[in-house]
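Engineer: Protein chains in written order, with my numbering: chain A, 1 to 378; chain B, 1001 to 1287.
Hints are not guaranteed to be accurate.
What the hints assert, rightly or not - With a straight-line cut-off of 27 Å between C-alpha atoms, the simulated BS3-like cross-links for lysine-lysine are:
| hint | chain 1 | residue 1 | chain 2 | residue 2 |
| --- | --- | --- | --- | --- |
| 1 | B | Lys-1245 | A | Lys-111 |
| 2 | B | Lys-1260 | A | Lys-207 |
| 3 | A | Lys-63 | A | Lys-207 |
| 4 | A | Lys-87 | B | Lys-1245 |
| 5 | B | Lys-1227 | A | Lys-111 |
| 6 | A | Lys-2 | B | Lys-1245 |
| 7 | A | Lys-81 | A | Lys-23 |
| 8 | A | Lys-376 | B | Lys-1227 |
| 9 | B | Lys-1260 | A | Lys-110 |
| 10 | B | Lys-1245 | A | Lys-138 |
These are computed hints drawn from the structure, not numbers from a lab.
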Amino acid sequence: MKIHEYQSKRVFAEYGVPIPKGKVAVSPKEAYAIAKDLGGKVIVKSQVLVGGRGKAGGVKLAKTPDEAEKHASNILGMDIKGLTVRKVLIDEASNIKSEIYLGITNDREKKMPVMMVSAEGGVEIEEVARVSPEKIIKVHINPLLGLQGYQMRDIAASIELPRKNWKEFGVIAMGLWNAYNGSDATLAEINPLIITEEETLLAVDGKMLIDDSALFRHHDLAEMRDLDLETESETIAREHDLAYIQLDGEIGCMVNGAGLAMTTMDIVKLFGGSPANFLDIGGGANAEKVGAAFRIILSDPNVKVVLINIFGGITRCDEVAKGVLEAIEEVKPDVPMVVRLVGTNAEEGRELIAAADMITADTLADAAQKAVAALKEA
Amino acid sequence: MSILINKDTRLLVQGITGNEGLFHSQQMAAYGTNIVAGVTPGKGGEWVMDGKVPVFDSVKLAAEATGANTSVIFVPARFAADAIFEAADAGLELIVCITEGVPVKDMMRVRAYIDQIDTRLLGPNCPGLLTPGEAKVGIIPGNIAIPGNVGAVSRSGTLTYEVLYALKEKGMGASTCVGIGGDPVNGTNFIDVLAMFEDDPATDKVVMLGEIGGTDEEKAAEFIATKMTKPVAAFIAGQTAPPGKRMGHAGAIIQSGSGKAEDKIKALEEAGVRVAKHPEELPDLLG
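This is chain A alone, in the form it adopts within the complex (with noise of 0.2 Å):
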């Protein structure tokens, strides 16, 4: 789960880490109130889960309280690759003398988190690697011992950092740690991590993704989920318990666990369809998931084909039948529909089945032709 750019660095700061002044603005007048009340030069900051915020136009410096209002009346509203800004943070300005990146993810590969320091700062991370890797020096973190003191000063010495600052970037090092082991985060960066004129460190853009699994320990951070990054049918099937991803095809498809329902998406694919969307109904489908599924599926208007695919194992086919044939009745949809069951109860799922208008199919390549089949007819 991404969180905003003022969410993170709140976090960053409860762990010590220092960040400019600064507090959020819905209106143009309350930005124009912070500002006035900061004093000085201030900047305005959208606040929008994507990259590129800056090339987008949508954030400014402002001299005065009413230049930081017309800023912020027009990046309020403003679309930043297909986003709606509803917020924009307004932070005292620095003076920048120089910047860092810094910051924490794990390491799929090693099974462990990293930490990442370049002294080029303030530039995409993703550029940086791609363009000079050997500029990202990389620290693995023990997850059972943390971060330890000689890791930073190792760090600080790699990127040259001036020997007065490393005691307080041994601070912010640590902190932004804590804030990494503490949130359950799977990213945390403080980019850039800047040099001020008056040579002190402060932490002026932050990123934080936490990792969904662990939100039942973090109430306060999955409060914090912006609804704008997903779909409504997908934030429908969150409520569900359903994994549901919009794609952009035609077939929608219903299936039972994560790496068949990818199966099937690819096999629909090889006959010449196209995918509407992933869907995992997960184990133990009952009617009620079933209806939820059924209805997110065809509430996106580019569905002209349902193939619904269950192996059987936990899942008992004739339950899902049951549910499917429930999901009808109440959804009543008019798109042809491709129901293949195989497994535990396949035999009572088909008879279920069999009065409703459905086509059926046996094996999984039979089930993805009669569904493009079916596509090319409707």
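Using the hints, position chain B against chain A.
Structural biologist: Relative to chain A, chain B alone:
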């Protein structure tokens, strides 16, 4: 012969009194698996499954009393890491964690610990293992596979069932089927299982089911090319998956251009693996 589990497995079930735990314990016992104990803290002294299986308060007590050598975990995600640590400290040889949704931080801590001791962890977020005709540990339906000489290893659940079923339809059986799970940080990876199949006299060929995310399939390709003599056929799910989206499994995500299906397929093909266009082709590719 088989790998990891067989008719001599003495199984302990952590979370045996929960709905899932009890249901699957009954299924495992019906298949012939020797379940010697259950563990649910606070319910020690009770008996479950028609009074045949004793429940203990801790894994240590259960293992001491029954000689259990393998554990299967059905506890909720928030307690999963604790359950794994407990089983590891009780000295069990094999721990199979079925639980889905374990926080990745917990799993990194588990891995850092498990790597230092002589315990094998399978999963989490996996369907477990099946040695047809001998034992099953986990949730793989027993009736979809018959005994045979194909070793199966997979990151998925139902996709594995599809393939076992397709093999069975062609009269082909499995030596052991191993679900390694769909999480980014897990206990056992493809290479570990491929090495066991290579050494197992009952396994003549191997089917491997991968998916997008990470580079375990690429590493497996390298291993197959350099260390394996037995033929391997594979399928990789997620060729149509968009980048940056988690496809159900926590580990099934293409990130920063890494983890794409096409890269995995290419690596496997270059290693001499026959890669199926769709899973129902696999029995023919295995020949």
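Engineer: Could you run down the list of hints and mark each one as holding or not?
Structural biologist: So, going through the hints one by one against the coordinates:
{"no.": "1", "hint": "B:Lys-1245 x A:Lys-111", "verdict": "holds, 20 Å"}
{"no.": "2", "hint": "B:Lys-1260 x A:Lys-207", "verdict": "holds, 25 Å"}
{"no.": "3", "hint": "A:Lys-63 x A:Lys-207", "verdict": "holds, 26 Å"}
{"no.": "4", "hint": "A:Lys-87 x B:Lys-1245", "verdict": "holds, 25 Å"}
{"no.": "5", "hint": "B:Lys-1227 x A:Lys-111", "verdict": "holds, 24 Å"}
{"no.": "6", "hint": "A:Lys-2 x B:Lys-1245", "verdict": "holds, 13 Å"}
{"no.": "7", "hint": "A:Lys-81 x A:Lys-23", "verdict": "holds, 24 Å"}
{"no.": "8", "hint": "A:Lys-376 x B:Lys-1227", "verdict": "violated, 48 Å"}
{"no.": "9", "hint": "B:Lys-1260 x A:Lys-110", "verdict": "holds, 19 Å"}
{"no.": "10", "hint": "B:Lys-1245 x A:Lys-138", "verdict": "holds, 26 Å"}
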